[in-house]
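*Asks:* What follows is the residue order along each chain.
There are 2 protein chains.
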Amino acid sequence: MNAHFDPTHGSALRLPQPYLLFLADTVDAGFAKTAFGLRDWAGDKCVGEFAIGATVSTGLPVMTPAQARAAGARALVIGVANSGGVIGDTWIAPLVEALEAGLDIVSGMHARLSEIPELAEAAARLGRRLIDVRVPPTGLRVGTGAKRTGKRLLTVGTDCALGKKYTALALSSAFAARGVDVDFRATGQTGIMIAGGGMPMDAVVSDFEAGAAEMLSPDADPDHWDVIEGQGSLFHPAYAAVSLGLLHGSQPDVIVVCHEPGRTVMLGTEGFATPTIEEAIALNLELGARTNPAIRCGGVALNTSQLDPDEAARLIAAESERLGLPVADPIRGGAAFDALVEGCLK
Amino acid sequence: MNAHFDPTHGSALRLPQPYLLFLADTVDAGFAKTAFGLRDWAGDKCVGEFAIGATVSTGLPVMTPAQARAAGARALVIGVANSGGVIGDTWIAPLVEALEAGLDIVSGMHARLSEIPELAEAAARLGRRLIDVRVPPTGLRVGTGAKRTGKRLLTVGTDCALGKKYTALALSSAFAARGVDVDFRATGQTGIMIAGGGMPMDAVVSDFEAGAAEMLSPDADPDHWDVIEGQGSLFHPAYAAVSLGLLHGSQPDVIVVCHEPGRTVMLGTEGFATPTIEEAIALNLELGARTNPAIRCGGVALNTSQLDPDEAARLIAAESERLGLPVADPIRGGAAFDALVEGCLK
Numbered sequence: 001m002n003a004h005f006d007p008t009h010g011s012a013l014r015l016p017q018p019y020l021l022f023l024a025d026t027v028d029a030g031f032a033k034t035a036f037g038l039r040d041w042a043g044d045k046c047v048g049e050f051a052i053g054a055t056v057s058t059g060l061p062v063m064t065p066a067q068a069r070a071a072g073a074r075a076l077v078i079g080v081a082n083s084g085g086v087i088g089d090t091w092i093a094p095l096v097e098a099l100e101a102g103l104d105i106v107s108g109m110h111a112r113l114s115e116i117p118e119l120a121e122a123a124a125r126l127g128r129r130l131i132d133v134r135v136p137p138t139g140l141r142v143g144t145g146a147k148r149t150g151k152r153l154l155t156v157g158t159d160c161a162l163g164k165k166y167t168a169l170a171l172s173s174a175f176a177a178r179g180v181d182v183d184f185r186a187t188g189q190t191g192i193m194i195a196g197g198g199m200p201m202d203a204v205v206s207d208f209e210a211g212a213a214e215m216l217s218p219d220a221d222p223d224h225w226d227v228i229e230g231q232g233s234l235f236h237p238a239y240a241a242v243s244l245g246l247l248h249g250s251q252p253d254v255i256v257v258c259h260e261p262g263r264t265v266m267l268g269t270e271g272f273a274t275p276t277i278e279e280a281i282a283l284n285l286e287l288g289a290r291t292n293p294a295i296r297c298g299g300v301a302l303n304t305s306q307l308d309p310d311e312a313a314r315l316i317a318a319e320s321e322r323l324g325l326p327v328a329d330p331i332r333g334g335a336a337f338d339a340l341v342e343g344c345l346k
Numbered sequence: 001m002n003a004h005f006d007p008t009h010g011s012a013l014r015l016p017q018p019y020l021l022f023l024a025d026t027v028d029a030g031f032a033k034t035a036f037g038l039r040d041w042a043g044d045k046c047v048g049e050f051a052i053g054a055t056v057s058t059g060l061p062v063m064t065p066a067q068a069r070a071a072g073a074r075a076l077v078i079g080v081a082n083s084g085g086v087i088g089d090t091w092i093a094p095l096v097e098a099l100e101a102g103l104d105i106v107s108g109m110h111a112r113l114s115e116i117p118e119l120a121e122a123a124a125r126l127g128r129r130l131i132d133v134r135v136p137p138t139g140l141r142v143g144t145g146a147k148r149t150g151k152r153l154l155t156v157g158t159d160c161a162l163g164k165k166y167t168a169l170a171l172s173s174a175f176a177a178r179g180v181d182v183d184f185r186a187t188g189q190t191g192i193m194i195a196g197g198g199m200p201m202d203a204v205v206s207d208f209e210a211g212a213a214e215m216l217s218p219d220a221d222p223d224h225w226d227v228i229e230g231q232g233s234l235f236h237p238a239y240a241a242v243s244l245g246l247l248h249g250s251q252p253d254v255i256v257v258c259h260e261p262g263r264t265v266m267l268g269t270e271g272f273a274t275p276t277i278e279e280a281i282a283l284n285l286e287l288g289a290r291t292n293p294a295i296r297c298g299g300v301a302l303n304t305s306q307l308d309p310d311e312a313a314r315l316i317a318a319e320s321e322r323l324g325l326p327v328a329d330p331i332r333g334g335a336a337f338d339a340l341v342e343g344c345l346k
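Protein sequences appear in the order of chains A and B. Residue numbers 1 to 346, in this note's numbering, belong to the letters of the first sequence in order. Residue numbers 1 to 346, in this note's numbering, belong to the letters of the second sequence in order.
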């Protein structure tokens, strides 16, 4: 890849679509989360699935790479993971088959596609691209803090891994359903595959973190919204740098704070207490005001997956009353979620 | 280098010392700042200088690479910069001469040593190292936030480029002069060359920023101090991510806030006002408390290079009175600086 023209130089990643979803030999649905996420959130960009012995299925049409190419597919996406994030030996022949059929390959695995000699050789011979979505584009710039046109919403969290991507996707869909001109802006590997582009913020060199976020959501029409997937948490002792660079560079007009009731310790730490929702609102507004003094909190997204429906509804109502803000679980939707959407757009 | 054993894997950089300072063909002293900084702050680690037509001099003995090797030198350091950060064609033969004499090469230039074929070939043939101090070590880990033993001081700033490195060096020297067991911990290229090691924090991938700072200042004896060179500013719209990761990972017991009176706009930005000293103290203490609840401000370092001695003395006294903290210009030293040192150690 290095010796070729890089279409992502100086801009966010852009992926070839639509996709053929590769399920490999996966027998555990938990390892096919990427494929299921793409089916659920980017179903119109997926022409079919392709497997070599998998027992899981997305329900999409089964196709060979050549059939998928004939149906319009531009890339094969590795839609599965395994415990080491490695590309199995038995996957290589079908991946070469996809390259030969005219498909690029998109991967979010830890292993780099270009470091597998058979794939590198075939891609070079055929003029195909091997795209690792964990690898940032080249040509990143340092941030300027200059105000950009258009409107921006960023999902932020009291912690990692509690629904920032899902909330951003759900808000983007709801905005679009109301006729709002909106783009979902992805910052992690699954989100990037769903959106067909984005910026892998956690893999960007620190000096360019805010600048990369600026590139991810460029100037837009005054009524256009970018809904930006958050990363990490300002309160996390490992990942706050990612969160602050993303907050400064996104210069959001609106934040939505994502929280999981009952989580008391920050993910992957020993003894770091999760902040309260109020603390998370206050610190994100305080720091975000540096690049957008008009920043405000549009509401709170609760991940109530551990609660039964009645408990969830009671908690959502009580938290909304307590905080004086719209509160909803985007997965449960309903009137509470409509109120959250309105709270963001008002 | 990639195919060889990497002695820095999983730890901070460590450079071979002592040095031979390479001045190349430099005629403008401003471009020899690295060499002068090494002479001033690491003079006992510099055996001599080597030039190919330079008119500037550090005053150290003039030596060939072979003479320097015989005098104990382990590495040639490129002690100069030019406007593009490039390694000139006329430099290559003398650099190969240094490799052949048994010296490694250390560079902080933008251009990578290993990407110059003649140098890469000679280093591989001779078993020598080409060390770019802008390149982080391999094997970085994500942060844990776990409390480490020993004491830590971090210099922080209202802005970039106003004396955080100089303040940390001066405090380290003053601690040592008082018999305190202390290490200067470098986070930028010049500091790393002075210290003979460190972590280029602005070049670390964001996900590892706090973890890299944790690796830079490991567990130590209870009375040992790490004095850590700060980077950027929490208030800078481009670089705050670097500053927050460094703050969280350093978990300082004491911060010293560095400020340049009269600077009103953040470096490299259009219209971002510099914060007040009080704002910088408050935000660094607020965010630093996440990983060290006992964090406190030891005082303020003013860069008064734009003032005459009387003006500087009056301002230092007035600011100390106003803030209720020790305030000093480390370059001017004196009783005010002694009070700052005592304020940090108390």
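Think of the hints as simulated: they come from the structure by calculation, not from any bench. This one's a predicted model, so the numbers in the text were calculated from it and none came from an experiment. No residue lacks a Cβ here, since even glycine has one placed at the ideal position from N, Cα and C. Watch out, some of these pointers could steer you wrong.
Just the calculated beta-carbon pair ranges, DEER-fashion [stated by the list, open to error]:
{"id": "1", "chain 1": "A", "residue 1": "Pro309", "chain 2": "B", "residue 2": "Arg14", "range": "33 to 43 Å"}
{"id": "2", "chain 1": "B", "residue 1": "Thr276", "chain 2": "A", "residue 2": "Lys147", "range": "19 to 29 Å"}
{"id": "3", "chain 1": "A", "residue 1": "Thr138", "chain 2": "B", "residue 2": "Pro117", "range": "35 to 45 Å"}
Using 25 Å as the maximum straight-line C-alpha spacing, the simulated SDA-like pairs for lysine to any residue come out as follows [to be verified]:
{"id": "4", "chain 1": "B", "residue 1": "Lys33", "chain 2": "B", "residue 2": "Arg14"}
{"id": "5", "chain 1": "A", "residue 1": "Lys147", "chain 2": "B", "residue 2": "Thr190"}
{"id": "6", "chain 1": "A", "residue 1": "Lys147", "chain 2": "B", "residue 2": "His224"}
{"id": "7", "chain 1": "B", "residue 1": "Lys147", "chain 2": "A", "residue 2": "Ala273"}
{"id": "8", "chain 1": "A", "residue 1": "Lys33", "chain 2": "A", "residue 2": "Pro218"}
{"id": "9", "chain 1": "B", "residue 1": "Lys45", "chain 2": "B", "residue 2": "Pro222"}
{"id": "10", "chain 1": "B", "residue 1": "Lys346", "chain 2": "B", "residue 2": "Gly72"}
{"id": "11", "chain 1": "B", "residue 1": "Lys346", "chain 2": "B", "residue 2": "Ile331"}
{"id": "12", "chain 1": "B", "residue 1": "Lys147", "chain 2": "A", "residue 2": "Pro16"}
{"id": "13", "chain 1": "B", "residue 1": "Lys33", "chain 2": "B", "residue 2": "Glu286"}
{"id": "14", "chain 1": "B", "residue 1": "Lys147", "chain 2": "B", "residue 2": "Gly271"}
{"id": "15", "chain 1": "A", "residue 1": "Lys147", "chain 2": "B", "residue 2": "Gly53"}
{"id": "16", "chain 1": "A", "residue 1": "Lys147", "chain 2": "B", "residue 2": "Gly10"}
{"id": "17", "chain 1": "A", "residue 1": "Lys147", "chain 2": "A", "residue 2": "His224"}
{"id": "18", "chain 1": "B", "residue 1": "Lys147", "chain 2": "A", "residue 2": "Pro218"}
{"id": "19", "chain 1": "B", "residue 1": "Lys45", "chain 2": "B", "residue 2": "Ala29"}
{"id": "20", "chain 1": "A", "residue 1": "Lys33", "chain 2": "A", "residue 2": "Ala111"}
{"id": "21", "chain 1": "A", "residue 1": "Lys147", "chain 2": "B", "residue 2": "Ile92"}
{"id": "22", "chain 1": "A", "residue 1": "Lys147", "chain 2": "B", "residue 2": "Cys160"}
{"id": "23", "chain 1": "B", "residue 1": "Lys33", "chain 2": "B", "residue 2": "His9"}
{"id": "24", "chain 1": "A", "residue 1": "Lys33", "chain 2": "A", "residue 2": "Pro16"}
{"id": "25", "chain 1": "A", "residue 1": "Lys45", "chain 2": "A", "residue 2": "Thr276"}
{"id": "26", "chain 1": "B", "residue 1": "Lys147", "chain 2": "A", "residue 2": "Tyr166"}
{"id": "27", "chain 1": "B", "residue 1": "Lys346", "chain 2": "B", "residue 2": "His224"}
{"id": "28", "chain 1": "B", "residue 1": "Lys147", "chain 2": "A", "residue 2": "Ala161"}
{"id": "29", "chain 1": "B", "residue 1": "Lys147", "chain 2": "A", "residue 2": "Thr264"}
{"id": "30", "chain 1": "A", "residue 1": "Lys147", "chain 2": "A", "residue 2": "Ala161"}
{"id": "31", "chain 1": "B", "residue 1": "Lys147", "chain 2": "A", "residue 2": "Lys33"}
{"id": "32", "chain 1": "B", "residue 1": "Lys147", "chain 2": "A", "residue 2": "Ala111"}
{"id": "33", "chain 1": "B", "residue 1": "Lys147", "chain 2": "A", "residue 2": "Gly268"}
{"id": "34", "chain 1": "B", "residue 1": "Lys147", "chain 2": "A", "residue 2": "Lys45"}
{"id": "35", "chain 1": "B", "residue 1": "Lys147", "chain 2": "A", "residue 2": "Lys147"}
{"id": "36", "chain 1": "A", "residue 1": "Lys45", "chain 2": "A", "residue 2": "Ala146"}
{"id": "37", "chain 1": "B", "residue 1": "Lys33", "chain 2": "B", "residue 2": "Ile92"}
{"id": "38", "chain 1": "B", "residue 1": "Lys147", "chain 2": "A", "residue 2": "Thr269"}
{"id": "39", "chain 1": "B", "residue 1": "Lys147", "chain 2": "A", "residue 2": "Arg112"}
{"id": "40", "chain 1": "B", "residue 1": "Lys33", "chain 2": "B", "residue 2": "Gly10"}
*Asks:* Could you run down the list of hints and mark each one as holding or not?
*Replies:* For each hint, the structure was consulted:
1. The hinted range of 33 to 43 Å is not satisfied by A:Pro309 and B:Arg14, whose Cβ atoms lie roughly 58 Å apart.
2. Between B:Thr276 and A:Lys147 the beta carbons are some 23 Å apart, a value that agrees with the proposed interval 19 to 29 Å.
3. Checked against the hint of 35 to 45 Å, the C-beta distance between A:Thr138 and B:Pro117 comes to roughly 22 Å, which is inconsistent with it.
4. Taking the CA atoms of B:Lys33 and B:Arg14, the gap is about 21 Å. The hint holds against a cut of 25 Å.
5. Under the criterion of a C-alpha separation no larger than 25 Å, the hint pairing A:Lys147 with B:Thr190 is inconsistent with the structure, at around 33 Å.
6. Taking the CA atoms of A:Lys147 and B:His224, the gap is near 45 Å; set against the 25 Å cutoff, the hint is violated.
7. Restraint check for B:Lys147 and A:Ala273: satisfied, since their Cα atoms lie roughly 15 Å apart, inside the 25 Å limit.
8. Taken as a hint, the A:Lys33 and A:Pro218 pair is broken in the structure, with Cα atoms around 30 Å apart against an allowance of 25 Å.
9. Proposed proximity of B:Lys45 and B:Pro222 is contradicted: the alpha carbons are some 28 Å apart, above 25 Å.
10. Distance hint between B:Lys346 and B:Gly72 is unfulfilled; the C-alpha atoms sit about 40 Å from each other, more than 25 Å.
11. For the hint pairing B:Lys346 with B:Ile331, the CA-to-CA distance comes to about 22 Å; that is within 25 Å, so the pair holds.
12. Proposed proximity of B:Lys147 and A:Pro16 is contradicted: the alpha carbons are some 46 Å apart, above 25 Å.
13. Between the alpha carbons of B:Lys33 and B:Glu286 the distance comes to roughly 35 Å, so the proposed pair goes past 25 Å and is violated.
14. At most 25 Å may separate the alpha-carbon atoms for a hinted pair to count; B:Lys147 and B:Gly271 exceed this at roughly 39 Å.
15. The hinted pair formed by A:Lys147 and B:Gly53 fails the criterion: a straight-line CA distance of about 48 Å is larger than 25 Å.
16. Of the pairs offered as hints, the one joining A:Lys147 and B:Gly10 is violated, with about 40 Å between alpha carbons and a cut-off of 25 Å exceeded.
17. A hinted pair counts as satisfied when its Cα atoms are at most 25 Å apart, and A:Lys147 with A:His224 qualifies at roughly 15 Å.
18. At most 25 Å may separate the alpha-carbon atoms for a hinted pair to count; B:Lys147 and A:Pro218 exceed this at roughly 40 Å.
19. Our distance criterion of 25 Å between C-alpha atoms is met by B:Lys45 and B:Ala29, whose separation comes to about 21 Å.
20. A hinted pair counts as satisfied when its Cα atoms are at most 25 Å apart, and A:Lys33 with A:Ala111 qualifies at roughly 18 Å.
21. Pair hint A:Lys147 plus B:Ile92 does not hold up; C-alpha atoms about 45 Å apart against a cutoff of 25 Å.
22. Between the alpha carbons of A:Lys147 and B:Cys160 the distance comes to roughly 21 Å, so the proposed pair stays at or under 25 Å and holds.
23. Proposed proximity of B:Lys33 and B:His9 is contradicted: the alpha carbons are some 29 Å apart, above 25 Å.
24. Restraint check for A:Lys33 and A:Pro16: satisfied, since their Cα atoms lie roughly 20 Å apart, inside the 25 Å limit.
25. Distance check on the hinted pair: A:Lys45 and A:Thr276 sit about 39 Å apart at the alpha-carbon level, beyond 25 Å; violated.
26. Between the alpha carbons of B:Lys147 and A:Tyr166 the distance comes to roughly 33 Å, so the proposed pair goes past 25 Å and is violated.
27. Of the supplied pair hints, the one linking B:Lys346 and B:His224 holds, its CA atoms being roughly 14 Å apart against a limit of 25 Å.
28. For the suggested pair B:Lys147 and A:Ala161, the alpha carbons sit about 24 Å apart, so the restraint of at most 25 Å is met.
29. Between B:Lys147 and A:Thr264 the CA atoms are separated by roughly 19 Å; this keeps the pair inside 25 Å, and the hint holds.
30. Restraint check for A:Lys147 and A:Ala161: not satisfied, since their Cα atoms lie roughly 30 Å apart, outside the 25 Å limit.
31. For the given pair, B:Lys147 sits about 36 Å from A:Lys33 by alpha-carbon distance, which is inconsistent with the 25 Å threshold.
32. Straight-line distance between C-alpha atoms of B:Lys147 and A:Ala111 comes to about 33 Å, which puts the hinted pair past the 25 Å bound.
33. As the CA atoms of B:Lys147 and A:Gly268 are separated by approximately 15 Å, the hinted pair is consistent with the 25 Å bound.
34. Taking the CA atoms of B:Lys147 and A:Lys45, the gap is near 47 Å; set against the 25 Å cutoff, the hint is violated.
35. A distance of roughly 39 Å separates the Cα atoms of B:Lys147 and A:Lys147; the hinted pair therefore is violated under the 25 Å criterion.
36. Between A:Lys45 and A:Ala146 the CA atoms are separated by roughly 34 Å; this puts the pair beyond 25 Å, and the hint is violated.
37. A distance of roughly 21 Å separates the Cα atoms of B:Lys33 and B:Ile92; the hinted pair therefore holds under the 25 Å criterion.
38. Of the supplied pair hints, the one linking B:Lys147 and A:Thr269 holds, its CA atoms being roughly 11 Å apart against a limit of 25 Å.
39. Between B:Lys147 and A:Arg112 the alpha-carbon distance is near 35 Å, which puts this suggested pair outside the 25 Å criterion.
40. Annotation: proposed proximity of B:Lys33 to B:Gly10 is violated, straight-line Cα distance about 30 Å (limit 25 Å).
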